[in-house]
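Following the hints, put chain B in place on chain A, whose structure we already have.
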Amino acid sequence: MLQRIFHIAKRDLTLEFRERYSFLSALLYLVAITFIVYKVFGRIEQPTRIGLFWILILFTCINVVSHSFSFHSQKRKYYHYILYRSYELIIAKWGINLIKMIVAGLILAFLQSIFANEPLKNILLFSQVYVLSIIGMTAAMTLISSISSYSQNQNTLIAVMSIPLLIPILLIGMRLSLISERIIMDTEINNYLMMLVGIDIIYVAILIIFIPLTWKA
Amino acid sequence: MDIKRNWWKVLSVILMLYVIIAGILIPIKPGIIDYDNASAETGSPYEVTVKTYNTHFDKAQGLRTYLLLPNNELLVADSSEVINAAEVKASFNIPRRVLRGESESMDLSLVIDNEIDGYMQFPEAVRIRPSTTDTFNRAYQASALMPLSSLRDVDDFKFPFRPIVYETIRNTFFHVAIWMAMFIILIVSCYHSIRYLMTNKLVHDQKSSALTSVALVFGIAGLLTGSMWARFTWGTWWTNDVKLNMTSIALLIYCSYWILRSSISDIDTRARLSSVFNLFSFVALFILVMVIPRLTDSLHPGNGGNPAFGDEDLDNTLRTIFYPAIIAYTLIGLWIAQLTVRYHSAKDNIELLIYNKSN
Chain A
1 MLQRIFHIAK RDLTLEFRER YSFLSALLYL VAITFIVYKV FGRIEQPTRI GLFWILILFT
61 CINVVSHSFS FHSQKRKYYH YILYRSYELI IAKWGINLIK MIVAGLILAF LQSIFANEPL
121 KNILLFSQVY VLSIIGMTAA MTLISSISSY SQNQNTLIAV MSIPLLIPIL LIGMRLSLIS
181 ERIIMDTEIN NYLMMLVGID IIYVAILIIF IPLTWKA
Chain B
1 MDIKRNWWKV LSVILMLYVI IAGILIPIKP GIIDYDNASA ETGSPYEVTV KTYNTHFDKA
61 QGLRTYLLLP NNELLVADSS EVINAAEVKA SFNIPRRVLR GESESMDLSL VIDNEIDGYM
121 QFPEAVRIRP STTDTFNRAY QASALMPLSS LRDVDDFKFP FRPIVYETIR NTFFHVAIWM
181 AMFIILIVSC YHSIRYLMTN KLVHDQKSSA LTSVALVFGI AGLLTGSMWA RFTWGTWWTN
241 DVKLNMTSIA LLIYCSYWIL RSSISDIDTR ARLSSVFNLF SFVALFILVM VIPRLTDSLH
301 PGNGGNPAFG DEDLDNTLRT IFYPAIIAYT LIGLWIAQLT VRYHSAKDNI ELLIYNKSN
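Residue numbers (my numbering), protein chains in the order written: chain A, 1 to 217; chain B, 1 to 359.
Pulled out of the complex, with its shape left as it was, chain A reads as follows (with noise of 0.2 Å):
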């Protein structure tokens, strides 16, 4: 089964090496709007700093994994169905979208280092933070845009029914990151890391539980 997902997630990879212009252009458009947002500003405080962050990372993850569905063709979906088991199929793909993330993240964390002139304070639990918002964020964004590849306007549907369902995590997220960069103290650190994890685990296993009810529409 592992092999099989790899192999997947391999054939998918040189596709998506060989359409790379989506992703390219969701980190086109969070470095501009980093810039820009530095540029117009010139200086920004911590907290407005890490707000920045979080509400960036969520539009490139809407942009990101919105794509993950959209370019496939009917055909191309039929020829999936017969060859792959959905879950194989999804978990490779959720986890091509955690990659795609993780890349954007580092990006994102480098430039505003760069422009503010400041690196982060504590980076071992940033990235933990990072990286356990991130798996919970794509496991819902990968189902969300599964369920609304079926319906017309696609984009929109993601945007409306995503962002409520990312609330949760970007708060954890939010908040950990504050205690991260010293901005708040708490000493509940490992309550909330917890917490994630155990939002985390649900959302995965929503995906991988709901992918194949949502695949054989």
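Please keep in mind that the hints were generated in silico from the structure rather than gathered at the bench.
Since this is a predicted model, take the numbers as computed values, not measurements.
Every residue gets a Cβ at the ideal spot worked out from N, C-alpha and C, and that includes glycine.
The calculated lysine-lysine pairs, modelled on DSSO-like cross-linking and capped at a C-alpha distance of 30 Å, are:
#1 A:K77 - B:K201
#2 B:K89 - B:K29
#3 B:K158 - B:K9
#4 B:K357 - B:K347
#5 A:K75 - A:K10
#6 B:K201 - A:K75
Quick look at which bits of chain B chain A covers, simulated, 3 or more residues with Cβ under 8 Å:
#7 254-263
#8 277-286
Structure of chain B alone, referenced to chain A:
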């Protein structure tokens, strides 16, 4: 109408009437709203005018005012002068040796009782400080002491009196009960979604969507009643409380459920996808409303160190109406959902008839 099969509809109407009539007409217990003097010294007289609520001082005979001492004895006021039905002026002579240590001060509760209203108290109302004057007056006579058991209690069916909340305690039967009913209805809706995914029968999808819309209406009603309650207890229509924000987000999720349903035209696809999204959004609602508010400070009971709905908040008189209220709202919600399903299936049948006739 077949009463035997529709007994639950009759039950829902009876319970609803019971909740509205009993919930609004039963008075709340008498209690102390305000008093004008909050500090006293040992060995000197202390006068206080107390304003109360729902009391019958003018009709009562043996009105007495007390201060509750730390050793559970009552210091009886020398005179309790009734001003009107809800106001009394009491004067005490505080004894010289209330305090154990000389420099400490302590807070005593103010207690009033009579034979009509029973007893009422204002906890930690009066601060007693050690005397600053050294004059020793032999003629000074301290007020008498009484044991705690001599308080007169009246056994009647009334809602508890709580400071700040006062009469709005009745909103428990509306605000809180509507939320509970909404959760029960959403659970039933999720059950039907699961049934649809297992059996692929469209009836379950219709039921699930009807129940979800009822739950959405209940959610909005809960938000409105909560907003009114917030106006009277916390002072604003909307606070930045976590639970409020999370709830409005949860309602947004259910609105997006309706957008999803209306954006897909194929019936089977719509049914399957919206069932999946319904289950997903219930999980998200659970996380938003039950888990996240417990992390941060909230004004609601049960969150951020506030006491939950335990014995303190919900006493037995409230329970006798609160639980029937939950049942009544749930049954009425189910009834509305049933009517919605029937309306839609009738509409579909009529459309089918017209379609058959035209062909």
